[in-house]
Amino acid sequence: MKKFLAALIAILALCAGLAYGSDQLTKSTGDTGNKVLNLYNWGDYIDPSLLTKFQKETGYHVNVETFDSNEAMYTKIKQGGTSYDLTVPSEYMVEKMKADHMLIPLDKSRLVGMNHYGHSFLNKSFDPHNKYSIPYFWGTLGIIYNDQYVKPGSLEHWNQLWSKKYRNDIMMIDSARDILGFSLISMGQSVNTTNSAELIRAKDKLNRLSPNVKAVGADEIKMYMAEGEAPVAVDWSGEASEMMSQNSHLHYVVPTEGSNMWFDNLVIPKTAKHFKAIYAFLNFMNQPKNAAQNAEYIGYSTPNMSAFKLLPKATQDDKQFYPTQNLIDRLQVYSNLSPQKVQEYNDLYLEFKMHH
Amino acid sequence: MNDKASRTGKIYITIVFLLLYIPIVYLILYSFSKGTTMTNFQGFSLKHYGELFNDKRMLAIFLNTILIALLSSVCSTIIGTMGALAVHNAKRRHERETLLSLNSILLVSPDVIIGASFLIFFTALKLPLGFWSVLLSHIAFEIPIVLLLVLPRLDEMSPSMTNAAMDLGASPAQTLSKIILPYIQPGIIAGFFMAITYSLDDFAVTFFVTGNGFTTLSVEIYSRARQGISLEINALAGIMFIFSLILVGVYYWIETRNTATTGKKSIVEVGDR
Amino acid sequence: MKRNYRGLFFTPYVLWLAMFVIAPVALIIYYSFFNIHHHFTFANYQEFFSSGTYLTMTANSVLYAFLITLFAILISYPMALVISKLKHRDLWILLVILPTWINLLLKAYAFIGLLSHDGLVNDLFQFFGIPAQHMLFTDASFILVAAYIQIPFMILPIYNSLTDISDSYIRASRDLGATKWQTLTKVIIPMTMPGIKSGIQIVFIPSLSLFMLSRLIGGNKVITLGTAVEEHFLTTMNWGMGSTIGVVLIISMVIVMLLTNTKRKRRRTS
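Chains as they are written, first to last, in the numbering used here: chain D, 89 to 444; chain V, 64 to 336; chain A, 126 to 395.
Note that these hints are calculated values from the structure, not bench results. It is possible that part of the hints are untrue.
Stated by the list, open to error - Under 8 Å between C-beta atoms, here's a sample of chain V residues computed to sit facing chain A: (1) Gly-72; (2) Val-79; (3) Leu-81; (4) Leu-83; (5) Leu-182; (6) Phe-266; (7) Ile-284; (8) Ala-288.
What the hints assert, rightly or not - Chain D regions said to be covered by chain V (calculated; three or more residues, Cβ under 8 Å): (9) 97-110; (10) 301-313.
Cβ coordinates follow ideal geometry from the N, Cα and C atoms, glycine included.
Work out the full structure: start from the sequences and follow the hints.
The structure is reproduced here in structure tokens:
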């Protein structure tokens, strides 16, 4: 019995030591304390050196936690127990979070530099007068291919993905609305359709794509494409730009028949606590120099027009990342759907993934 | 069964052993590579270990993982041993059988089911997901294995031992601490170490019930492996391998020091899950 | 002591049983009757059993689990047999156990490197003049990696039941003129059936629900019941459907247990 007690005490002491150690480590990375900002962001979606710069300028330490889909982020915040100060939903999710009273309106009097944003990125239908959101990045969904396996210029339409040529070749982003979305576009439908018959047809068409699908994934697509593991991928523009910087054989195309155009936005969720830090950060990110640096690092397109002018000429002229008005007119933006419809999209998408 | 294994047999097991160990050796070998991928080895370097030890987040997760493992194993060993005493003392046969089959539910359930049902359970209780939910889950799924390792020792013990103690005037508490616990000690130790391995090895359950920034190594490795190859994970594998060797070593040391009598079989049963 | 102390031992354990065994199982069954709007419904079961997708997936899942188990047995049985005949068999069996102490995720991760386009396996192929193959994200590699992970868990129970066989049976069989093969098929294998059965239990049920492997190695095309549960719980937030699949999994688990447990029970009561 004594031996047991001794062992018990030893183990508990060890546990206390471990808890203390891990607490110290977390503290030293700045996860606690007062001069902090808790940013809940997409994976790899801000230049880390900007965070250091922000801390130097303002003294606020930014803790970044990451998510990999709008839905996962929504669930996490809705579930409670978190204390995120800022998060980055896409347009349809801003609408949903707004409707569910999960956002705090922006105090415009504390914001500086809103005039840098292009008019086409402000006052959008998902958030009139930008009551809740500031645009962060925008981009498109498109096709990336490796010119060692695919003849340049030969892959420009969604429908070509169904070709027997690409058997077991395609990697796809794990996102219900994007995947069903391109199938809908390929059939000339709206990405926001609520017509169940159309959706089922889109899913059936995807089922026929199944033999060509090598894998469905998220961040890992970048590595596999850069290493030539797969010749074709369907992914977002910024992911594409990152792969292209690692492998010069890769190219990005936005199919001419149209695609999705999305806007990610900084918003303040109801869980926010550090308001001084929040506005310091928002104003910091509004500065053209910082926004440009971030855009160069991430590779997505910036809505900050003053920042855009600071980007290298080659980037400014890149039609795949800053498409012409002509193409933009053919791009579709997701709108928020009712929970039933979201469920329907999710279920159909899952059925496609189960199709074997 | 004492006849010698045939030559083909020996060749066969050599091949299987090679297959069993190649992935592990490969993993650890590349942790010493200068390069950044697991494809071509580019000269010896310890830089990935350096990165690992400078990665404070990773170190904090490592400590958390061990903390969860130790704490949950202590709790589950205590409750599991009590459970074994309860089952052992069950008066009716069907009571024992019922307890035992309830006990085995968590042992045979797929991890996904345990994780999903615990997630529902914690959400229903409005318990925030994080350290405590992970700790409780680990305690919960470790209890049955502790019970199964302690119970056989209890059943082996002849009732005359406890009766004799009682006859000599020992109080129940004395009987428990002086007679029963020392006798079942090997089972308790085996249970404790098995609980640690269960905890360290768990991924699915933790994946479901964790949240608010709390992660264990398995979950962290999963999210990093999804980003692709990073030789820092290989370095971590190297550390974990040494850690498991130490754990096995400590277990053996306690085992051989304490009980020359229990024989060698228990470790085999410990590994048998 | 029994009377005074039973309650004391009983309470924490029974509390645990109630809270972490009975309550979660009850909750999962309860949730399976609700849709996303929290209305009571049988629709989830209807959907599961009427939509071809779920049924094919279940069939696929069972098929994969069956193949994984089969490969594991085919490799493990001879392995256990040979080890049980070796001189330092305890040492060898320890070597079998050792890999199980390494985190599952790390082993899966190793295979990402091994099976990649420029990985070791393709290097070997090229050495033998076979062109490089795309092996990641194929069903074959999913089964292979799953079997790899399960092999030690299959070897152990078989080994344990092999070492339980008394030598006299083998000698008797030889003395009665049985060939080696006959001894194996007529004496050894039947006598190790309990070991094989518990091996199947240990391997088959988890194989129905390996979701991380299907994500990392199988390319995230949903192929097991486990992946579907994970998707429904953590991505689509359709807990009702997830629970329904969970209930199906629990039922198939019970079936497997009943199929493989008969012998054991008889032995215990005898």
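Evaluated hints:
no.	hint	verdict
1	Gly-72	holds (4 Å)
2	Val-79	holds (5 Å)
3	Leu-81	violated (12 Å)
4	Leu-83	holds (5 Å)
5	Leu-182	holds (6 Å)
6	Phe-266	holds (6 Å)
7	Ile-284	holds (4 Å)
8	Ala-288	holds (5 Å)
9	97-110	holds (count 8)
10	301-313	holds (count 7)
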